[in-house]
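First residue of the sequence shown: 12, per my numbering; consecutive thereafter.
Be aware that a few hints might be false.
When the alpha-carbon atoms are kept at most 30 Å apart in a straight line, the in silico DSS-like pairs for lysine-lysine are as follows [what the hints assert, rightly or not]:
1) Lys262 with Lys69
2) Lys55 with Lys18
3) Lys262 with Lys25
4) Lys25 with Lys55
5) Lys25 with Lys185
6) Lys69 with Lys55
7) Lys69 with Lys18
8) Lys302 with Lys378
Hints listed in this document are in silico derivations from the structure and should not be mistaken for laboratory results. Bear in mind the structure is a predicted one, so any value in this text is a computation, not a measurement.
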Amino acid sequence: MTEEKIKTYTLRSKDRALIDFSLYQREASSQHSSDETYRIEIDKIYSDHEGLLPPVLKTGPVTEDGLTRWIRNRKSPGHRQFSEAMEAAIGDDGRLLTYVDVTRALSLNDAYWITEENQAPSWADCNLYDHPFNEILTRAAFTGVGGAVSGVITTPELTTCGALKKCWLRRGEKVYLQKGDGFMPRSDGRTQAALEWYAAKVAAVMEFPHVPYELEPYTHPDGTRETVCLCEIFTSADEGYVDAYTYFSAKGLDMTVLNDDDLASHDTMADLYGRRAYADLVIFDAVICNKDRHYGNFGYIIDNNTGQWLRPAPIFDNGRSLLYDASRYDLDHLDEYMKDSGGRGASMPFDILAQFFVEPRHIEVLKTLTAFSFENHPTCPLPETTLARLTNFVRRRAQRIIDLYEDREKHHRLTASD
12 MTEEKIKTYT LRSKDRALID FSLYQREASS QHSSDETYRI EIDKIYSDHE GLLPPVLKTG
72 PVTEDGLTRW IRNRKSPGHR QFSEAMEAAI GDDGRLLTYV DVTRALSLND AYWITEENQA
132 PSWADCNLYD HPFNEILTRA AFTGVGGAVS GVITTPELTT CGALKKCWLR RGEKVYLQKG
192 DGFMPRSDGR TQAALEWYAA KVAAVMEFPH VPYELEPYTH PDGTRETVCL CEIFTSADEG
252 YVDAYTYFSA KGLDMTVLND DDLASHDTMA DLYGRRAYAD LVIFDAVICN KDRHYGNFGY
312 IIDNNTGQWL RPAPIFDNGR SLLYDASRYD LDHLDEYMKD SGGRGASMPF DILAQFFVEP
372 RHIEVLKTLT AFSFENHPTC PLPETTLARL TNFVRRRAQR IIDLYEDREK HHRLTASD
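Input sequences plus hints: build the corresponding full structure.
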């Protein structure tokens, strides 16, 4: 077996070097085949900047395996719609650092990036927050149709997670995430993209910190049309986003063994996250029956310049809610549907979590929601029957949580009097 150093890289936070590492290629040949494997070796850790390391690398000693996992997990997942088109556009051969060579692993989640030795432009010259995005990758990310790119490009698409088709757009000085939904098209308008807008209206009534969404019609090159949602980015060069899995791990929870089907686990996470924000998230998800709250779509805002935790991230990514996945049977048996689980990261039934976390301060706004009515979107409206169904659903869910609160308080009073 022989081994050859291929390249040397530096992981950076803006212009500050954090880790120097090298990529090695090992080749093992036999009579019938030749297998190539790659590994990285850490050459130097800059101790003066250890506080700026990615949070997942600060949970223990920095190792080659840990750094390799971070680089691999930073890349968009294979289950993201049109991931193959994006990989084809950059000529991705599946090797660990191919996407890094093309994109420098830049992301709109933070201020980390990876540069090659002797090719170190300044952060100001190429960061995603200030520069245009490659249009070929943008098109490939949202439509699956693109072309080949060459050299180093500026794109956030290869470091954006999630399964739905999506792409980042720059409009003037602002950056937006555009999402569509090609998984479960319904004639009554219940797509994840459309329901994001309606879910955000509920969050606004509840006065919870949240990401506002807008809807637009989108016409594909073949003439087909769909409704897409857009939201403005809530990170910046100075403030990044860390998902809940990483945040709780950094706070000492072993997420590999955490039982999130247990109230004690949620109680612990609420203490670490901030009980008020965690309770708000639980109650909001219970009202809209969000079936896809998981440890990747809620989290914490972090100071990119100091590595300090700042505050819970605003509520976002709520499209798999408001009866999105309800079948005809479910629509006719809402009581049964409403008792279903809350999804990954909130896998307990909505009512159990809501009864545990609902607070007196929630009751007034829940009462408001019992008389709430959705207004239709002015340019991308839902059928009136669908809108009425969503309104009725939110009202019923709000009343249900009020009833759960009253049952809990009654039980507490009876217990206290015994």
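- prompt: Checked against the structure, which of the hints given earlier come out wrong?
  reply: Violated hints: none at all, because every hint is consistent with the structure.
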